[in-house]
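There are 2 protein chains.
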Amino acid sequence: MDEDHDISVSPYMRLALETAREAAADGEVPVGAVLVDAGTGDVIVTAGNRVECDSDPTAHAEMIVIREAANLRKDARLNGCDLYVTLEPCPMCATAISFARIRRVYFGAFDPKGGGVENGPRIFDQPTCHHRPDVYGGIGESDAAALLREFFAARR
Amino acid sequence: MDEDHDISVSPYMRLALETAREAAADGEVPVGAVLVDAGTGDVIVTAGNRVECDSDPTAHAEMIVIREAANLRKDARLNGCDLYVTLEPCPMCATAISFARIRRVYFGAFDPKGGGVENGPRIFDQPTCHHRPDVYGGIGESDAAALLREFFAARR
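In order, the protein sequence lines correspond to chains A and B. In this text, residue positions in the first sequence follow my numbering: the first is 45, and each later residue adds one. In this text, residue positions in the second sequence follow my numbering: the first is 45, and each later residue adds one.
No lab work stands behind these hints, which were simulated from the structure alone. Hints should not be assumed to be uniformly reliable.
[To be verified] Result set (SDA-like, lysine to any residue): computed pairs, CA atoms no more than 25 Å apart in a straight line:
| no. | chain 1 | residue 1 | chain 2 | residue 2 |
| --- | --- | --- | --- | --- |
| 1 | B | 157 | A | 198 |
| 2 | A | 118 | B | 66 |
| 3 | A | 118 | B | 69 |
| 4 | B | 157 | A | 163 |
| 5 | A | 157 | B | 86 |
| 6 | A | 157 | B | 174 |
| 7 | A | 118 | A | 82 |
| 8 | B | 157 | A | 82 |
| 9 | B | 118 | B | 145 |
| 10 | A | 118 | B | 145 |
| 11 | B | 157 | A | 148 |
| 12 | B | 157 | A | 147 |
| 13 | A | 118 | B | 174 |
| 14 | A | 118 | B | 94 |
| 15 | B | 157 | A | 123 |
| 16 | A | 157 | B | 94 |
| 17 | B | 157 | A | 58 |
| 18 | A | 157 | B | 197 |
| 19 | A | 118 | B | 71 |
| 20 | B | 157 | B | 177 |
| 21 | B | 118 | B | 71 |
| 22 | A | 118 | B | 195 |
| 23 | A | 157 | A | 124 |
| 24 | B | 118 | A | 175 |
| 25 | A | 157 | A | 186 |
| 26 | A | 157 | B | 121 |
| 27 | B | 118 | A | 98 |
Keep in mind the model is a prediction, meaning the values are calculated, not measured.
Excised from the complex, chain A in its bound form (with noise of 0.2 Å):
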């Protein structure tokens, strides 16, 4: 198996890392979600970042699917919904998570500089935390990771 492209990877992240591509082809920093449900195994939506596109510092990948399918529930809590995103959530997109109480998160490459998870002030592992998802690291991490180190790269 070729180790850069790991073909194990799961049809969402695949998916999630599809969608990154696509952001990447805007100018946006390529990260990518898929918001599925976890009952029925159905992509409810899936969306790139869109931070310079829309001119909104809140559009990252993960906020813009939870809250699109929250506007498709007309239910603010997002239950029994797994996300798949290409980069580990920021302290924002992490919150966010929370409050839709998304049940299981699993993400590509860990961000050190950025990641709100595994990183930075652990948002899920806060006493104040009100409900934490499962959370699985490292998914598709290389193909996430060569995606953001080739779109840093060409704007240097």
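Chain A is already provided as a structure; the job is to place chain B on it using the hints.
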């Protein structure tokens, strides 16, 4: 001076409190925010919480004013803007405030259970926080706290 109604509070915070009262009338947790152009003193946008009305777990007052102001300016960074909010921002909002490069944050009531500035993860004090606004807490606190107490007492 009536200790429960501090008339020395800035007009911006009084506007934020009025917006919080309107949110309560809509059945939302009563928090209001006002974003001000620090150069001109103009109010750019005001908003109350809309989590329930919009079925959006991210629709805190601070997030709404940041998103709307960034959209108005077509710029994801709100340099030279100050935020007035009736409650200490949560970690989600604090991170968004940092991303938006808000200059100063004036907040009303401290929030030991859900705050992310002087409580919980203390977002702006994290080594990975790239922009720390000046923070002034407890401005108009008695009115802001009374509003929240009344709201939650009525729902018990």
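For each hint, the structure was consulted:
1. 157(B) to 198(A): Given that 25 Å is the threshold and the Cα spacing comes to 43 Å, the pair is violated.
2. 118(A) to 66(B): holds, 22 Å
3. 118(A) to 69(B): At roughly 20 Å apart (the allowed maximum being 25 Å), residue 69(B) and residue 118(A) satisfy the hint.
4. 157(B) to 163(A): holds, 22 Å
5. 157(A) to 86(B): Answer violated: residue 157(A) to residue 86(B) is near 35 Å, above 25 Å.
6. 157(A) to 174(B): Within the cut-off at roughly 10 Å; holds.
7. 118(A) to 82(A): The given pair, whose Cα atoms are some 18 Å apart, holds under the 25 Å limit.
8. 157(B) to 82(A): Roughly 30 Å separates the two Cα atoms, so the pair is violated.
9. 118(B) to 145(B): holds, 15 Å
10. 118(A) to 145(B): violated, 32 Å
11. 157(B) to 148(A): Given pair residue 157(B), residue 148(A) holds - Cα atoms ~24 Å apart, limit 25 Å.
12. 157(B) to 147(A): holds, 22 Å
13. 118(A) to 174(B): violated, 35 Å
14. 118(A) to 94(B): holds, 13 Å
15. 157(B) to 123(A): At roughly 22 Å apart (the allowed maximum being 25 Å), residue 123(A) and residue 157(B) satisfy the hint.
16. 157(A) to 94(B): Distance ~31 Å between residue 157(A) and residue 94(B) Cα, so the pair is violated.
17. 157(B) to 58(A): violated, 38 Å
18. 157(A) to 197(B): violated, 42 Å
19. 118(A) to 71(B): holds, 16 Å
20. 157(B) to 177(B): holds, 22 Å
21. 118(B) to 71(B): Roughly 31 Å between the alpha carbons, so the hint for residue 118(B) and residue 71(B) is violated.
22. 118(A) to 195(B): OK: residue 118(A) and residue 195(B) at ~23 Å, within 25 Å.
23. 157(A) to 124(A): This hinted pair is violated, its Cα atoms lying about 30 Å apart.
24. 118(B) to 175(A): violated, 34 Å
25. 157(A) to 186(A): The given pair, whose Cα atoms are some 17 Å apart, holds under the 25 Å limit.
26. 157(A) to 121(B): Holds, because 20 Å separates the two Cα atoms, which is no more than 25 Å.
27. 118(B) to 98(A): holds, 8 Å
The earlier numbered hints that this structure contradicts are 1, 5, 8, 10, 13, 16, 17, 18, 21, 23, 24.
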